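**Q** As a plain string of letters, each chain reads:
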Amino acid sequence: MSVTPLNRNQIAWRAAQDLKEGQYVNLGLGMPVLCANYAPADQEIMFHSENGIVGVGPVATSEQEDSDFVDAGSQFITLNSGASLSDSTHAFAMIRGGHIDVTLLGGFEVNPEGDLANWDAMVPNKGPLVGGAMDLASGAKSVRVVMAHSNRDGTPRLVEKCRYPETGFGCVNRVYTGLAVVDITPDGFVAVEVLDGLSREELQAQTGAPLFFADDCGVLTTPDL
Amino acid sequence: MSVTPLNRNQIAWRAAQDLKEGQYVNLGLGMPVLCANYAPADQEIMFHSENGIVGVGPVATSEQEDSDFVDAGSQFITLNSGASLSDSTHAFAMIRGGHIDVTLLGGFEVNPEGDLANWDAMVPNKGPLVGGAMDLASGAKSVRVVMAHSNRDGTPRLVEKCRYPETGFGCVNRVYTGLAVVDITPDGFVAVEVLDGLSREELQAQTGAPLFFADDCGVLTTPDL
Amino acid sequence: MIDKRVANVEEALAGITDGASIMLCGFGGTGTPFVLTTALGKISARNLTLVSNSVRHTEDCAPSLFEDKRVAKVIVSAARSRGREPTTSERQLEDGTLQLELVPQGTFAERMRAAGAGIPAFYTPTALGTKLTEGKEVREFNGRQYVLETALGADFAFIGADRADRWGNVSFRGTQENFGPSMAMGSCIAIIEAKHVTDEPIPPREVDIPGIFVQRVLQVPTES
Amino acid sequence: MIDKRVANVEEALAGITDGASIMLCGFGGTGTPFVLTTALGKISARNLTLVSNSVRHTEDCAPSLFEDKRVAKVIVSAARSRGREPTTSERQLEDGTLQLELVPQGTFAERMRAAGAGIPAFYTPTALGTKLTEGKEVREFNGRQYVLETALGADFAFIGADRADRWGNVSFRGTQENFGPSMAMGSCIAIIEAKHVTDEPIPPREVDIPGIFVQRVLQVPTES
Numbered sequence: 001m002s003v004t005p006l007n008r009n010q011i012a013w014r015a016a017q018d019l020k021e022g023q024y025v026n027l028g029l030g031m032p033v034l035c036a037n038y039a040p041a042d043q044e045i046m047f048h049s050e051n052g053i054v055g056v057g058p059v060a061t062s063e064q065e066d067s068d069f070v071d072a073g074s075q076f077i078t079l080n081s082g083a084s085l086s087d088s089t090h091a092f093a094m095i096r097g098g099h100i101d102v103t104l105l106g107g108f109e110v111n112p113e114g115d116l117a118n119w120d121a122m123v124p125n126k127g128p129l130v131g132g133a134m135d136l137a138s139g140a141k142s143v144r145v146v147m148a149h150s151n152r153d154g155t156p157r158l159v160e161k162c163r164y165p166e167t168g169f170g171c172v173n174r175v176y177t178g179l180a181v182v183d184i185t186p187d188g189f190v191a192v193e194v195l196d197g198l199s200r201e202e203l204q205a206q207t208g209a210p211l212f213f214a215d216d217c218g219v220l221t222t223p224d225l
Numbered sequence: 001m002s003v004t005p006l007n008r009n010q011i012a013w014r015a016a017q018d019l020k021e022g023q024y025v026n027l028g029l030g031m032p033v034l035c036a037n038y039a040p041a042d043q044e045i046m047f048h049s050e051n052g053i054v055g056v057g058p059v060a061t062s063e064q065e066d067s068d069f070v071d072a073g074s075q076f077i078t079l080n081s082g083a084s085l086s087d088s089t090h091a092f093a094m095i096r097g098g099h100i101d102v103t104l105l106g107g108f109e110v111n112p113e114g115d116l117a118n119w120d121a122m123v124p125n126k127g128p129l130v131g132g133a134m135d136l137a138s139g140a141k142s143v144r145v146v147m148a149h150s151n152r153d154g155t156p157r158l159v160e161k162c163r164y165p166e167t168g169f170g171c172v173n174r175v176y177t178g179l180a181v182v183d184i185t186p187d188g189f190v191a192v193e194v195l196d197g198l199s200r201e202e203l204q205a206q207t208g209a210p211l212f213f214a215d216d217c218g219v220l221t222t223p224d225l
Numbered sequence: 001m002i003d004k005r006v007a008n009v010e011e012a013l014a015g016i017t018d019g020a021s022i023m024l025c026g027f028g029g030t031g032t033p034f035v036l037t038t039a040l041g042k043i044s045a046r047n048l049t050l051v052s053n054s055v056r057h058t059e060d061c062a063p064s065l066f067e068d069k070r071v072a073k074v075i076v077s078a079a080r081s082r083g084r085e086p087t088t089s090e091r092q093l094e095d096g097t098l099q100l101e102l103v104p105q106g107t108f109a110e111r112m113r114a115a116g117a118g119i120p121a122f123y124t125p126t127a128l129g130t131k132l133t134e135g136k137e138v139r140e141f142n143g144r145q146y147v148l149e150t151a152l153g154a155d156f157a158f159i160g161a162d163r164a165d166r167w168g169n170v171s172f173r174g175t176q177e178n179f180g181p182s183m184a185m186g187s188c189i190a191i192i193e194a195k196h197v198t199d200e201p202i203p204p205r206e207v208d209i210p211g212i213f214v215q216r217v218l219q220v221p222t223e224s
Numbered sequence: 001m002i003d004k005r006v007a008n009v010e011e012a013l014a015g016i017t018d019g020a021s022i023m024l025c026g027f028g029g030t031g032t033p034f035v036l037t038t039a040l041g042k043i044s045a046r047n048l049t050l051v052s053n054s055v056r057h058t059e060d061c062a063p064s065l066f067e068d069k070r071v072a073k074v075i076v077s078a079a080r081s082r083g084r085e086p087t088t089s090e091r092q093l094e095d096g097t098l099q100l101e102l103v104p105q106g107t108f109a110e111r112m113r114a115a116g117a118g119i120p121a122f123y124t125p126t127a128l129g130t131k132l133t134e135g136k137e138v139r140e141f142n143g144r145q146y147v148l149e150t151a152l153g154a155d156f157a158f159i160g161a162d163r164a165d166r167w168g169n170v171s172f173r174g175t176q177e178n179f180g181p182s183m184a185m186g187s188c189i190a191i192i193e194a195k196h197v198t199d200e201p202i203p204p205r206e207v208d209i210p211g212i213f214v215q216r217v218l219q220v221p222t223e224s
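Protein chains in written order, with the numbering used here: chain R, 1 to 225; chain B, 1 to 225; chain V, 1 to 224; chain H, 1 to 224.
Think of the hints as simulated: they come from the structure by calculation, not from any bench. Predicted model only: the values in this text are computed from it and were never measured. Beta carbons are placed, not taken as given, at the ideal position from N, Cα and C, and that holds for glycine. Treat each hint with caution, since some may be false.
[To be verified] Taking lysine to aspartate or glutamate pairs in the EDC-like style, the calculated list, with each CA pair at most 16 Å apart, reads:
id : chain 1 : residue 1 : chain 2 : residue 2
1  : B       : Lys126    : V       : Glu85
2  : B       : Lys126    : V       : Glu94
3  : H       : Lys195    : R       : Asp68
4  : R       : Lys126    : H       : Asp3
5  : B       : Lys20     : H       : Glu94
6  : B       : Lys126    : V       : Asp3
7  : R       : Lys126    : H       : Asp162
8  : R       : Lys20     : V       : Asp3
9  : V       : Lys195    : B       : Asp68
[Claimed, not checked] Heads up, incomplete: computed chain H residues facing chain V, CB under 7 Å, no partners named:
id : residue
10 : Phe34
11 : Ile119
12 : Pro120
13 : Ala121
14 : Phe122
15 : Tyr146
16 : Cys188
This is chain R alone, in the form it adopts within the complex:
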């Protein structure tokens, strides 16, 4: 490839730019939680954590650390103004009941129908972990995936058919990768932004299913992060 893909922080930054004032947003483990660091500062966004928080604030500094306050990733966190605390059952009622505007999830694979595989990489001798991924995939109003465009061995993560067990079907709306922003549409994968300097042919070569390009397909640029 002619260009260096975005790093994790840059992918998170790009995903965060699509978050809007007043939205209730759940961030999955891994890259998604980084998005909180890059949300537009002038917009009040309510971050939801499935262990019972609406209004998650920044990760606690060592002085702020209180072991009774953790988020879904078991990090010590602070709360933002306007936060509320509940039990997990209520937190999942928010998810399942369609009250979460956006979830950003990590992903292993997404296919052109918007099926997502992100919970079981079939690692031998390691137990499975599903957590809240399936609830979020089926419950949030908008499901967006942040992930590397390809695996380390070069195999694509935007695939014709998921090899890993699915988390949800027809649920993904948009994917942010190190190379592009790709929408899931009735036509399949449609790139809406392509990394600065990357040709469409190069992007297609990294993608495991036909890729279309939006009429107003833009250039994906981010700050250095």
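Given the coordinates of chain R, work out where chains B, V and H should sit on it, guided by the hints.
**A** Below, chains B, V and H alone, put in the same frame as chain R:
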């Protein structure tokens, strides 16, 4: 009849004597709520109200009245020590989930199978009211009915078959009336206490279905109230 | 800045049009949205479905809703007035111009929660075999029979409360809570009338309805 | 006088015998019943079913449960350890000596609430069509498909909390609440380990688990 039936307070008193330390008890509207006045003073009983209270205390005096604190009968009430407040959905989860030890309900009719009719007297031109009666009838561990033994016109309320629409089926365990305490058993109605001075024949004559008598059938006596 | 406060009752009721379904909170006068309900009586929307525990408080607050035949259906656990004389709503039930869905109170509450929690249907033992579940599916689990009940959602909910903040968080006093959380969850637009509305957030563990379930907050006089 | 306090951890665990099912609360170390879980590792009961969000905390607290093959089945949303090397429980999952029921976390929570709320089964959109709902009934409501899930109850629940009183009322700090209310509701004997246990009642509106759902309360050192 040779004797005067117990009055409402006396029926309530008798029903209250069967309540035990530590029980969670829901009292229906009307005669049942009077039972709270006569619960054994040395026993701590937790009265539940389906609008979200565990630990209902005495009715508020005019000085204690706070219009934000009402029970299921819309009376201004106080709370006892150890009380908790929740929403109605949670209060009914307590009922439906089998966490209420005893409910005392009013009744129009009970039959020998323990079916109860107590929610619709089919009064013309008046709307129906079911409230929480059906939830309590099917959810409480022990369903006990307090009611007059007969209607004003002399027709029995312990009947072979309910004429009014049923509240629940096979749910009643015991009935307290002005004339007797009657258990519902696989054999049908079994009197366990008969009002002092009332003959078994007289009691049977007031009862609309065969009445059996417990081997240790006792005498029903109460204080003057 | 998130700010769910509305300036007046007209803004609070914006968008309520013909055919709307509205949940009305309250039990024994606690949690009752007196101001919003009274205001509902004065707008023109017709063919309404009202979802409340009892018809009585609504009719007391806004008799014109029934007198002007603006209510098509009530979904309630109680449709009986206190007096001996039938009220307007009782006469309309009798003559069939007002539709009634009578629901046991616990099923009523659970169905609204279900609507808000993404549960389209659940099984319950309540009212099995009675007139109120006629025609409903019955199914056995672990040797006991249960009735299938479906979620009960609505377009709007009116909820009375003690405190609310600009994020829509709500905190109740005493027994105000009753159907509030489930109605807020189960409605598309939950409107809170609160005696105390603050810029300052309600402390996180004192919140009874998280603002995520609330769309509008109206401050009402503490006297009401 | 109602007094649900027990004197020591032995009394707290009384009645836990072979074949018992036990819910273990906690998320990220908050609401986790460290003392009770550690003690469970030391009693002799075998053939246990453990119901918890994750196997990890339980195995960290009481590795002997798995090392001594005392757990027959885990019902969890996560069965993965942190390190690269498999733990005892992971090896047992691999060789089939430990049974696993993997449940999406929201379904897990809702199923326990259902058990406590008298709901034997409910429909949910979560995990439709995935490996985790294989063989389960699918049904359409309003044009969308849902899976039937059944209630998940247990004999015992262990719950960590900040405060409890002699009536069994529980109040949480921060994110301790997580699965506590649903586990208390869904279990026959809910056992609370609380840092502060009082004669004085918790104020009624600060109660997160009403004592009606709680059978035993154990005071534990605030350091734990």
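**Q** Each hint: holds or not?
**A** Hints versus structure:
no.	hint	verdict
1	B:Lys126 - V:Glu85	8 Å, holds
2	B:Lys126 - V:Glu94	8 Å, holds
3	H:Lys195 - R:Asp68	12 Å, holds
4	R:Lys126 - H:Asp3	44 Å, violated
5	B:Lys20 - H:Glu94	51 Å, violated
6	B:Lys126 - V:Asp3	44 Å, violated
7	R:Lys126 - H:Asp162	34 Å, violated
8	R:Lys20 - V:Asp3	14 Å, holds
9	V:Lys195 - B:Asp68	12 Å, holds
10	Phe34	22 Å, violated
11	Ile119	5 Å, holds
12	Pro120	4 Å, holds
13	Ala121	5 Å, holds
14	Phe122	4 Å, holds
15	Tyr146	6 Å, holds
16	Cys188	15 Å, violated
Violated hints, in rising order: 4, 5, 6, 7, 10 and 16; the structure is consistent with all others.
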